[in-house]
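Chemist: One line per chain: the protein sequences are A and B, in this order.
Going by this note's numbering, the residue at position 244 of the first sequence is 244; the numbering climbs one at a time, nothing skipped.
Going by this note's numbering, the residue at position 110 of the second sequence is 110; the numbering climbs one at a time, nothing skipped.
Calculated from the structure, these hints are not laboratory results.
Glycine residues also receive a C-beta, built at the ideal position from the N, C-alpha and C atoms.
You can trust all of the hints, since none of them are fake.
Below, a sample of chain A positions facing chain B; criterion: calculated Cβ distance under 7 Å:
#1 Thr15
#2 Ile17
#3 Ala25
#4 Leu26
#5 Ser28
#6 Asp31
#7 Val89
#8 Ala104
#9 Met115
#10 Ile129
#11 Val132
#12 Asp255
#13 Glu259
#14 Glu260
#15 Ala267
Within a straight-line C-alpha distance of at most 30 Å, the following computed DSS-like cross-link-like pairs (lysine-lysine) qualify:
#16 Lys99(A) x Lys33(B)
#17 Lys49(A) x Lys272(B)
#18 Lys272(A) x Lys197(A)
#19 Lys49(B) x Lys272(A)
#20 Lys99(B) x Lys5(A)
2 protein chains.
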Amino acid sequence: MNRTKRTILFISDGTGITAETLGQALLSQFDTKIDFERQTHPYVDSPDKANQVRDEINHIAGRDGVPPIVFDTLVDPQVRDIISSSNGVMMDVFQTFLKPLESALETESAYSVGMSHAVKPDNGYDLRIDAVNFALDNDDGARIRYYDQADLILIGVSRCGKTPTCLYLAMQFGIRAANYPLTEEDLDNPVLPAILKKHKSKLFGLTIDPVRLSAIREQRRPDSRYCSPHQCHFEVNEVEAIYRREGIPHIATTDQSVEEISTQVLAMSGLKRRHV
Amino acid sequence: MNRTKRTILFISDGTGITAETLGQALLSQFDTKIDFERQTHPYVDSPDKANQVRDEINHIAGRDGVPPIVFDTLVDPQVRDIISSSNGVMMDVFQTFLKPLESALETESAYSVGMSHAVKPDNGYDLRIDAVNFALDNDDGARIRYYDQADLILIGVSRCGKTPTCLYLAMQFGIRAANYPLTEEDLDNPVLPAILKKHKSKLFGLTIDPVRLSAIREQRRPDSRYCSPHQCHFEVNEVEAIYRREGIPHIATTDQSVEEISTQVLAMSGLKRRHV
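The whole structure should be built from the sequences, with the hints applied where relevant.
Modeler: Below you can see the structure in the form of C-alpha cells.
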C-alpha cells in the first residue's frame, strides 16, 4: 500500500471547473508530501459514460491499493448513483449543498446539467469577451485614445505583471483594464505623462521586488542592460517614488498569483465587477 | 418580506475565488426569478475583520427581512466561529469537506489561510504566465516561427473565438496555444497553408453559426462586407469543408462560454494540462 500517492478524480456533467476549483482548494490544505495524481472527467452526462468512469475508479482503487478521492458536481441522480456505487471516496458537492440551499431559498433547484459555466442571458458573457478584447487592444500603452472607456489603467515597469492581470480582470470580472508601461523616459520625468494625469483616478500601480524583476527580464533578454540588477533597482525605486508622490494606490506582485493580484486590485480600487 | 431578492455573500481568507466558483455553480441551479445580489469579502483573516463582516451580515438580514446566504472558505476556526454566529445561512465549504478528507487521507490538514490561489513551488505559476505570453506573442498569425513550441494551434475565421480560448487555455491549464486566422485567401486555396500543413497534428478548428458571426463582426465593423451575412456564410462553409477534408478536429463556439470551449478543446485534442 502506497500512502504517498493518491489519485484524485474531478467528475462533472459540465466543464469540471467547479469540481476542480473546490477540490484544488481543499487539497491545498494537505501535506505536499502526498503525491496527488489528478484526472478530470468532464461531460459525464449519461449512464453509459458514468459506467465507464465507475469502472475506471474501481480499476484505480485496485491499482493504487487505496481508494481514489472523487470530487463531483453531478446533478443527474441516476448518473450520480452510478458513480457513488464505485470504490471511490465521494466528495459530492451538489448533493451536500443543494438540499440546504433549497430549504434556505424555499424553492426547488432545477437539477439541470452543465449549467455552472454555461452562457446565460444575464451572466455577462459578452461583457467578458468585450473586456478581453479591450485589454488586448489597450495593452502595453499601444493605444491611449480609449482610456475614457477604461474602468482601470494599470501602470508599472516592464514585466511587473500588468498584462496577465488585465486579462484576468477581464476574463473573471468583466473589468475593462488598459495598461501603460512606465519606461525610463517617464521615470526621468518629474511629472506623470499627460495622458495618465488626465485619467489619474483610474490609475493603479504595480510594483515588484527588483531581484525578481531582474530574473524575469533575464529570461526575456539575457545579458542586457534591461535585465541588469542595477537597472531593475533604479526603475522600481523611481516607480515607487511616483506612486507615493502622486498618491496612486499600488501593490507588489512579487510571489503573488494573478488571482491574488487581481482580487486585491479590485478590492483596493473599489471597482464593482461587471461580471459575477 | 421580499422573496424575489436574496443577498449572497462569498467570504474567504484569501481571494474568494473558490467560494465564488462553488456558490455560482450552486446558484445556477436555481430559478433566475430570484434576484441574487452578490458580495465578495476577500482577505477576511482576522477577528476584527470577521466582526465587521458579521455586523454587515446582520445588517443585511434586517434590511432584507430574510437571512442572506453565506458561502465561506474560511480556514481559521476563530474567524469562522465569528461569522457563524451571524444571522446568515452558512454554507461552510471547508468545515464540510475537510474532516472527511482528513479521514480519507489519514492525515491532518494544515489549516493554513489563503492557500487555494497562492503561488506554490509546484503549482505551475510561471508555466501559466509563460503560456499567456506565448498566446499573446503568437496571436492571430502574428508569428509562426514558434509553432514548434506550441501545444496547440487554433484555427478558424476571424472573430470565431480563437484568442479568448487561447488565453483561457493558457491561464487555466498552462497550455501553449497559438492561433491562426483562416482568411479569404486561405479559403480560396484548395490546400492548407504550408505552415499549418507542417504542424497538422497540432491543429484544432473552431467554427461558429454564421448568423452569430455576422452579429459579432457587425459590432467590430458595422455595415462592412466583412460582417455581411453572405460573406459570413461563405467563410464558415469553406472553413468547415477544410476541417472535414483534412480531418481536423473541430467544435462550434456558438452559445458556448470560453470555459466550455476550452474544456472541450482540451478533452478532444487529448492534450495533458501543464497546470493543475
